[in-house]
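Using the hints provided, position chain B relative to the given structure of chain A.
First to last, the protein sequences are chains A and B. The opening position of the first sequence corresponds to residue 663 in this note's numbering, with each subsequent residue numbered one higher. The opening position of the second sequence corresponds to residue 663 in this note's numbering, with each subsequent residue numbered one higher.
Just to be clear, a hint being listed does not mean it is correct.
When chains are identical, the list treats them as one kind, so a pair holds in a single copy or across two.
[Said to hold, decoys possible] Calculated cross-link-like contacts (lysine-lysine; reagent style DSS-like; alpha-carbon spacing at most 27 Å): (1) K837 x K669; (2) K1091 x K669; (3) K680 x K837; (4) K669 x K876; (5) K837 x K910; (6) K680 x K1040; (7) K700 x K837; (8) K1040 x K669; (9) K936 x K837; (10) K709 x K1040; (11) K876 x K700; (12) K1090 x K837; (13) K709 x K910; (14) K1040 x K1090.
For the record, the hints were derived by calculation from the structure and aren't laboratory data.
Number of protein chains: 2
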Amino acid sequence: MPSIEWKPESASSVTLQKQIEGHIRGKILNGEWPIGTKIPSQRALAKSLGVNRSTVSAALAELAADGLTDGRSGAGTMVVNNTWSILAAAPPPDWRHYVTSGAQEPNLTTIQDINRAEFHPGVIRLGTGELSPDLLPSSAIRDLFRQIPERPLRLGYEEGKGSAFLREQVSNHVKTLGIHASPASILIVSGALQALQLIAIGLLQQNSTILLEKPSYLYSVPVFQSAGMRLIGLSMDADGVQVPFIEKFKRQHNAAMLYTIPTFHNPTGTCMTKERRTEFMDVCTATRLPVVEDDVYRDLWLDAPPPPPLKSTDGKGIVLYLGSMSKTLSPGLRIGWIIGPEPVIERLADIKMQTDYGASSLSQWAVAEFLAGGLYHKHVENVRSELRIRRALMLQALSVSMGDIATWNTPGGGFYVWLRLHRPLSMKKLFDRCLSEGILINPGNIYDRSTDQHLRLSYAHAPANAIAAAIERLSVECRRGP
Amino acid sequence: MPSIEWKPESASSVTLQKQIEGHIRGKILNGEWPIGTKIPSQRALAKSLGVNRSTVSAALAELAADGLTDGRSGAGTMVVNNTWSILAAAPPPDWRHYVTSGAQEPNLTTIQDINRAEFHPGVIRLGTGELSPDLLPSSAIRDLFRQIPERPLRLGYEEGKGSAFLREQVSNHVKTLGIHASPASILIVSGALQALQLIAIGLLQQNSTILLEKPSYLYSVPVFQSAGMRLIGLSMDADGVQVPFIEKFKRQHNAAMLYTIPTFHNPTGTCMTKERRTEFMDVCTATRLPVVEDDVYRDLWLDAPPPPPLKSTDGKGIVLYLGSMSKTLSPGLRIGWIIGPEPVIERLADIKMQTDYGASSLSQWAVAEFLAGGLYHKHVENVRSELRIRRALMLQALSVSMGDIATWNTPGGGFYVWLRLHRPLSMKKLFDRCLSEGILINPGNIYDRSTDQHLRLSYAHAPANAIAAAIERLSVECRRGP
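With the rest of the complex left out, here is chain A:
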């Protein structure tokens, strides 16, 4: 459905109706709204343009009278023509056909709704896995650029694997976690999601099977499904993914890879214990099952540092390790990394070059300077103490407002509280109701299609002073029944 970002001028000598008619006519005639485009409802148009519905209605009637649109089908008003002349030549290409072709699956409808609603002004985002804007280091980055002359700013294409300076810093950074990776075995990517995309199209065959935790963040992004792959979920307990199933499922489904978020799991917040990590690595090594370790939340521990990454005990090179700055420093920088055996990194680097010629050199430079100068650790410490406050506010609000209708975990780090409602609900209805109250939630069925009684809450994004009231509102909406 197209949108209108434009608004009519109320001070103009042209009537509002004529302005609206002219604007939509322009979109149709210049091909922005091709034939087949569904025009937003009169109600929606009136709201977004800030005018009465009768004004919109009159403007649309003019367009229909000119034969440009047709509203008789009952399915709303459609663009049916885009030329004045009956003598016009051929119709334009049928873009609808193209838009529904293509190998890539569209995002889940709920995800698309969330992506859009995130930019509604004033909405409280109670499920967003992202730091609140006031926790992002805008002023520190400004300072960095002021100091540029000391080290030259590169604006050309970077090497295929990413800037050598940044890879060196990442190598030093992961050494503190027990991972010994030379810069040659590190690939800089535009965030961990791109890492998964590269793995999907670069390493796996179309009909591959991927094991993963259930629930998992990975169910919410169609990156593997679009490449024709199947996801098989492994149950979790409080110590992490349940290991006994791995060997069985690997054999049964001929699984090609296992994807895991062992540390502050998304969405459950679970942190795999040290013992479980050992068992896990033993099984995966013995069954020769490659592992993707998504470790983007590690630095956000709140009570105690988590056990070392799986990769730090990976003597056989079975683990591809993903790190990112999106959760800790800034999602907008779009910087992450993959660490793994060098032939694998070479292959993925080649595909990255084919896909987008590498990550922004400006962003790479900023992240490298952040790591090199020790600013990163100072920043993360500050983020941790802010997150501790927000976590406390959310847990307190949940106790006050929802203790009788739900249970939840107390996460030791990361962003997420995985809420389990005592009674199932229509997730779609709850989502819509909350959104109309100005609260954006992430329903649990994004992460596990089979659940209708979970929500992923995040204490990272909502303003601290809005958390209690938002949880109370959520509680009211949950009580309104299925």
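Quick look at chain B alone, frame taken from chain A:
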């Protein structure tokens, strides 16, 4: 083939041999070089480590004696084991199998060689389609960031289509070219190559056929081929692509789309005339053939502004228009855009979100400020006058050194001279010979598999004072015969 970025310490008390042995042993034991990895040749190792070959040889002999490597197969030395104990459990996953699986084709070998050779220190890049580092506006960008406080720097995720501020600036920018596109019909991408990737996976079916100019830049990137598509080349003349073939080929091959670089074509430098553009649009409109117009060189006109873009005469919405900052402002920023019918842009934005959650917000901000403040036009004017000088130097050098063995065009803009040698040559040999002389060339068969007598030269990247000598060297290598 893995690489070694490390160098031994000559001042160390540990012998060079022991240091080298230890370094390689580390790479094998921590899984960076898994079983099956081919170790670089002794000659290559000696060169990259800066030691005698005998030292390397002795170090490798130790590793072989420990059973970690095997050099007896004749195919070079391979990693065959990575554990000390014969009691070791299972071997690691067979990464070689994974690296050769995956849907994405590897880059052409020559392209991979070029990508690597670009980072050889001191190499003169005579084919690179990129501005020389001294033409990039590093200091202007530095100044921009100093002025940040006036407008807040956003570090969060941007909207799916890209930052509203940048899309507004792009909308204003293309208006000066005759394209009326509202911000809602613009998608910000990480460079034009990503635009092609999104189109391939988002709009086209796997077995689609794409028409394009022959030769074309598009032959050098496997973005469509990897998605299982066929490319059918259309002949060109001095006025651009030859129109009469379009309808025939569209019917014959049931083509789904036509990709064109009408303005300062890559690699031939051709600029489609105004008359040809009209004929072209008439045929594509009549046959309902969607067009991708790649217009990234437009602002780099050197003699006179080119005719308006195809998109500016596109009343039916058949054209997807690609623009980019990579050729004019900075490739490292990774910022480009797609303009098209809104439903198409919505679909591509959704896929972009799935792929990498959008372009770097730092880069988006910098480009928007560049456009908004008029800095962009000042910068491009400066680039144009520098390119005029370099173009003159290259054409002069060609006349002096190669007039008797080749012909070429005089480009009216962009970066490229398309050189045609009178006699065919082994492109592979010429490439290798030139590289060993410190000159990196782009053989013509990257852009048209069937030619063995073309080279794409670029006057944009090599230092101005190195062009004449490099062309002279190239001439000598060409004369050494096939």
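Status of the hints after comparison with the structure:
no. : hint          : in the structure
1   : K837 x K669   : between (54 Å within a copy, 19 Å between copies)
2   : K1091 x K669  : neither (31 Å within a copy, 62 Å between copies)
3   : K680 x K837   : between (65 Å within a copy, 23 Å between copies)
4   : K669 x K876   : neither (45 Å within a copy, 45 Å between copies)
5   : K837 x K910   : neither (34 Å within a copy, 61 Å between copies)
6   : K680 x K1040  : neither (57 Å within a copy, 39 Å between copies)
7   : K700 x K837   : between (54 Å within a copy, 26 Å between copies)
8   : K1040 x K669  : neither (44 Å within a copy, 32 Å between copies)
9   : K936 x K837   : within (19 Å within a copy, 60 Å between copies)
10  : K709 x K1040  : neither (45 Å within a copy, 41 Å between copies)
11  : K876 x K700   : neither (38 Å within a copy, 38 Å between copies)
12  : K1090 x K837  : neither (45 Å within a copy, 42 Å between copies)
13  : K709 x K910   : neither (55 Å within a copy, 49 Å between copies)
14  : K1040 x K1090 : neither (41 Å within a copy, 52 Å between copies)
Taken one by one, the earlier hints fail for this structure at numbers 2, 4, 5, 6, 8, 10, 11, 12, 13 and 14, listed in ascending order.
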